[in-house]
Each structure stands twice: as C-alpha cells, then as structure tokens.
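Student: Since the structure of chain A is provided, determine the placement of chain B on it from the hints.
There are 2 protein chains.
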Amino acid sequence: MKKKIIYLDYGATTPIDKEVLAAMLPYLKQEYGNPSSLHSLGQSAMAAVDKARMSVALFLDCSPDEILFTSGATEANVTAIHGALKQMPSGKPHVITSAIEHESVLEACRQLELQQKADVTYLGVNGQGKVQIEDVEKALRPETVLVSLQYANSEIGTVQNIREIGFLLRKQGVLFHTDAVQAANFLDCRVSELNVDFLSMSSHKIYGPKGAGVLYHKMHIPLAPLLVGGGQEGGLRSGTENVASIVGMGKAVDQLSFPHLNLINIKIRHMRDRLIKGILKKVEGASLKGSLEGRLPNNAHFTFEGVEGRDIVMLLDQKGIAASTGSACSERSQEPSHVLLALGIEPSKALSSVRFSLGKYTKEEDITKVLKVLPPAIDQLRRRAVH
Amino acid sequence: MKKKIIYLDYGATTPIDKEVLAAMLPYLKQEYGNPSSLHSLGQSAMAAVDKARMSVALFLDCSPDEILFTSGATEANVTAIHGALKQMPSGKPHVITSAIEHESVLEACRQLELQQKADVTYLGVNGQGKVQIEDVEKALRPETVLVSLQYANSEIGTVQNIREIGFLLRKQGVLFHTDAVQAANFLDCRVSELNVDFLSMSSHKIYGPKGAGVLYHKMHIPLAPLLVGGGQEGGLRSGTENVASIVGMGKAVDQLSFPHLNLINIKIRHMRDRLIKGILKKVEGASLKGSLEGRLPNNAHFTFEGVEGRDIVMLLDQKGIAASTGSACSERSQEPSHVLLALGIEPSKALSSVRFSLGKYTKEEDITKVLKVLPPAIDQLRRRAVH
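Protein sequences, first through last, are from chains A and B.
So for the first sequence, this note's numbering puts the first residue at 1; every next one is plus one.
So for the second sequence, this note's numbering puts the first residue at 1; every next one is plus one.
If we strip away everything but chain A, and leave its shape as in the complex, we get (with noise of 0.2 Å):
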C-alpha cells in the first residue's frame, strides 16, 4: 500500500476535487462528441463547454462571451501579452511587468524585447514582494500600452494592490492584465472590482484537472489569437475543445464561490499561522520571506540558513512530506528564485529556501507532524553539511 503523503504543495498543483471529477467522467466516457460537430452527440459537448463559460463568466463577473478557455494559464498569459501586442499599431510600444512575475509572463515579456517588438520595463518590488503604485506610475510612458501584473506570487504569496493599479491605468488608458492563478482560490477575482482587461486563471490550481485555463479579455479590446486554425473559441483559441478538463474547470470554479469557501479559507490561514509560529520558534535560522500581512492565507515561505531547499525537501519527501523549494516551474533548475533575488536576498541564501502551501484538505495533524518532522531534518542536513 502507498503511504500517506502530507501535501502541502498545493501552490505546484491541487487535487481534483471529488465532485469535480464526477462531473468529468462522462465527457470521458459517453458524451465524447467535438463541440464544432453538428450532431446531438457534439451539441451536447458543445452546450457543456457554455455552462462552464458562465461559471467561469460569474466568477469573474464579465459576459461569457469575455471568457477564453486555454490550455492552461501558461497559454494564457502569453496569449494575453503576444496577442494584444500583435494588435497594437506600428512603433515601438512600451510594456511594464515587475521582476517577480511567473516565468511565462517574463518570458513572453523577454521574447518581445529580443524581437524588437516593444521595450519592456521591469518593476523592482520591495523586501516584501510588493509592486510600488508609484513605481508603476513613473514608469508610464506615452507609449506604454499594457502593463502585466500578478494578483499573487507563487512563491512567496505576495499580495499586490490589483484593484489600486488598476484604476490608476484604466484612467491612463492602458491595458491590464493580471496572472490571478494563485489568487483565485482566496481573493476577489471579479474584474469589474479589479478594473483589469485580461485576467489568467489555470484550472489545476483550483481543484480542477490540468489541461485548461483561462483568459478573460476584456470585450472590444484586440487580441490576435495564438493558435490559428478551425476558429473556435471565436477565433481567438483554435483547436478542438478539451471538453472534459473545461467541465472540470467550470465545476471547480463553481465551488470557488460556495459560502462554506470563506471558512475554509479561515482554516487554511490559522493552520497557516500555526505552521509560520512553529517553524520560527522551532528552526533557529529559520526567516520567513515575503509580507506577513499582505500575503495568501495558505503559504508559508521561509529560507533556512546554511541549508539547501532542494536537500530539505528531499529530506521531506523521505518522510512523507511534499513541499517545494519555490515554485514548481523552475524547481529543476538549480538557480536561485528570481522572485528571491528580487527581494534582495543574496543568491547563496535563496537556494535555501523551502515553500510550503496549504489547501483545503490539510488538516491541523499535518502541521503537527510537519513541526513535529522539520526541526530534526534541519539539523540532520546541518551536520552532514558540517563533516
């Protein structure tokens, strides 16, 4: 029999939620149709992927017709940024995005610069993790055209002001978009609150399966699509629908407005709490990195000196604890964070570091067993670091 893992990983990728996948398996099973047919069997596909749009539309409070399903919010992201910059008008446009952004939202970002297709600003944040509203404003330029912002880090939970810089750039008349994938589970995603253009969300980081995310964009602005072909999704997402992980999407982002969501959330963050005061009571040379406050209710983030954050979580995972050592997409590379650096921690101390991310099934014991385990595995790697 498997052993019992402790997950407390859900920043990398979350369960599928029970009733999430009961209401996949039969667009897995009988209801196989592809929506574009014209048949009863692809109507019905067809009619499952617009009830998930209008989950997804009341979630994020736009028109369905608002609503593009993605493969994910990798595709997302670099729909958002490649294809509003694609309708911009000759010149060079200028864009803004900050230094800890996910690495699709960079690189999407990288790609422009090194095509010449636009001048990239990238904002430096404070030892907290957050965008200055006064940075974003100084480096508005006339030509600025979009600016790129997450909701949430990945790594260390960083809130930012959304709804602030948001107001500030809709009066500027430049575009928005923000990466709400960590947000989605905690915070208020509607984009009339947050006055945005495009928003990313990734299904999997919800209690949905992977393969879908999505763009919300923002009716009348132009977006040029990524994948061109049979025309679905209005044109602006080719490529037959992946029916099954929509409906999982639509029904997980269902869930993410039940009423009983706020007192797990609660659960989540004094579980959270627990986990913070243990850790820096428990583990000398134990710092947490990131804001106390402004921060997501389920991520606890720390960096344990003169210890590797790749050893320590080997070392968990031995012992039936997942955890990471930032965030999943670059965890095999043996660089420091980016978002690390950009706090300002030396590199030789960010490769210490340790993530964990809490979700709606960890249970007090786990944060028992985890201040229970982690203390002792610290001080292992410290002596063997020592001999």
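Take every hint as true, because none was put in to throw you off.
Identical copies go unnamed one by one, so any copy, or any two together, can satisfy a pair.
Each computed BS3-like pair below joins lysine-lysine, with the alpha-carbon atoms no more than 25 Å apart:
| # | residue 1 | residue 2 |
| --- | --- | --- |
| 1 | K267 | K281 |
| 2 | K29 | K360 |
| 3 | K282 | K319 |
| 4 | K29 | K4 |
| 5 | K319 | K29 |
| 6 | K281 | K369 |
| 7 | K4 | K363 |
| 8 | K363 | K29 |
| 9 | K29 | K51 |
| 10 | K86 | K218 |
| 11 | K29 | K369 |
| 12 | K92 | K117 |
| 13 | K86 | K117 |
| 14 | K363 | K18 |
| 15 | K18 | K29 |
| 16 | K4 | K369 |
| 17 | K117 | K218 |
| 18 | K4 | K372 |
What the hints contain is simulated information worked out from the structure, not anything from laboratory work.
Tutor: This is chain B only, laid out in the frame that chain A set:
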C-alpha cells in the same frame, strides 16, 4: 434512457477506449503531482509522462527526445510551422503547402504571409485530392525552407505519397512537416520511413482523450517554442503537463501497435466499401469524392445532388446517426469546404457533402441501418426542396 447513437464521425473525434480511460484515472485521482515537483508525487507524474513519451517514440520509430507533447494537433501544426520559420536566418524564406491542408496549417501559413515572414505556395491537387510530386518539385526554389503536407485528408480521406515526397525533399535539404492526424489509425507513421522532420498527431482521433497532441521534431533541427515560460518539454513547450491526457495518449498509441489492429482495419474497410457501394446504388445523384483506392479505409465522402449537406446531417441526427458535412472544424461555417473547391467542385455542389467516417466500434448493422435510413431521408429532403 438515451437512445443509442450510430456514430459515423470518427474523423471528427473518437470515443475514449476503455483501457485508455483506465490508464488515465489514477492521474485524475491520487497521482495528482506536478511533473516539475521534486517530491515523489511529482516524480511519479513525470515518470508517467516519460512512459507515454516512450510509447509515442516506439510508434514513430524515433528517440523520446524527439517527442513534444502539446495540447493537441492544432498546437503541434502551428508550432512546427511558426517554430521552424522563427529559427530561419534572415531574408524571406519560402514555404510550400497544399490547398487542402487542415485549417491550422493553412492559417499558420497565411499568418507568415501577412506578417511578411515568408512567401507561401499553395499547391493544387488533382480531382481525387492528390498532390503531384512533380508539382512539389516544380515549386521548389533556392529559398524554400519548409514543406507541409498532410498524410491523409480529413474530409475526403485522400492519402498523399509522403514517403516519396520526403525522399525528394531530404535530397534537396528542405524541411518536411506532415500532419498525420487522420493517418495515425491506419498508416505506417515511422518517421524513418517517411523521411519527415516534423510530424503532428492528435490523441482524440486515436481513441485517446482530448487535450493532448504530439509534435515529432527531428533531433538537431532548430525549433522555437510557441508557449514560453517554465521550460517544460525541454524548453519547447512551457506549461504544466496535462498528465492524464498525455498518459491517455500514450496508452492509445500503444494500442495502435497491437497486431489485431490490422484485422480491425480490414473489417472497417470492408464495411466502408459496403457503405460506398450501397449508397451509390441506392441514392440517385450520389457521387463519391476523393480517390477510390488511395484513401483512408474508414472514409466515405459523398455529394448528394440538390440537397444541402447540413440538412442531411441534421435529419440523420434525428434518426440517431451521427455524420458530418466535412471536417468538424469547418462545420459551423456555412462556407463550402476549401478541400472540395480545390478538387474543382462548384461551390453550390460542395455544400451538398456528407462524410461518413467509421471506427473500431462500428458494426455491420450500423451500415445496414444507414443504407436503410439514408435513401428515404435524401428523398424527403429533395421533396421538401421542390415544394
């Protein structure tokens, strides 16, 4: 209870094979790790993706490093064409394709033209939908860098001489991409035999789930990614892997290699031939499109004089038979099929087309039912047209 559907639209999408779904389910349940995560749950997901990669490599007779998982064939096609062109030295390269390609190939080529990144030649085909190798040869220019031709057509099932064209192009040092989406169920797809540098496949056309595709890309041939970010798939396709769909595609490909497939395909061809003969005999004004010999064994494509294909498909649907007017991707547009126009068929006649595409769950009695239902249905529509 839902009425039983006679499904003759396997060219649009296939039901998921039961063994494929069984292979996927663990990755929709307990095996939910992110393949990029260092811990065992992540490693286990990565191992599953790599196992699927090996299955596809065995099927295509190539190295697993040459297999790129995408969200589907549209992404594979667009990545091959745009990704290969991005890596070309400056100057204006030349691309050759045919007039009857899938929309994703055609549209990717049109974008190259619009953005003045390449000149494109769209080869015509003969009356049966066949590209002539002499035409390819004549179209070659010193600046030709890429040829993209489908292995088999999705509407009329015509099979191209990929191997011979590949042999020609390899001698000339021109890159060759083939869209093998419709061919994979029936034809030899070993890239070593086909002399191709890129090959696209779709999971949901081979009894796998939607949401996965493959791009084979020959080692050492430069390819730029379409989706950038976390660097998954060797940096060629960023974004968290859709583990369950990839596992499903691997299993589906495994089953393509089973010896009994040949028997199934002989059975399919036999039923398809009975369908073609029956329709030609029983329905006046029915005309088979494409080639009788050089076509996929599951494809039967007709025009029916004086009747709209859409009306036939809708009426058949009411009688429990799922067919198509052509390819699902273009079915919603009311335009005549670009494939039929390329065959030299008049636009008005092109709108009277119906495709029946058979699959491994098709039964003799399904064909009997179609041969019983279709002739009076056509009569009924013709009478309606007269009044």
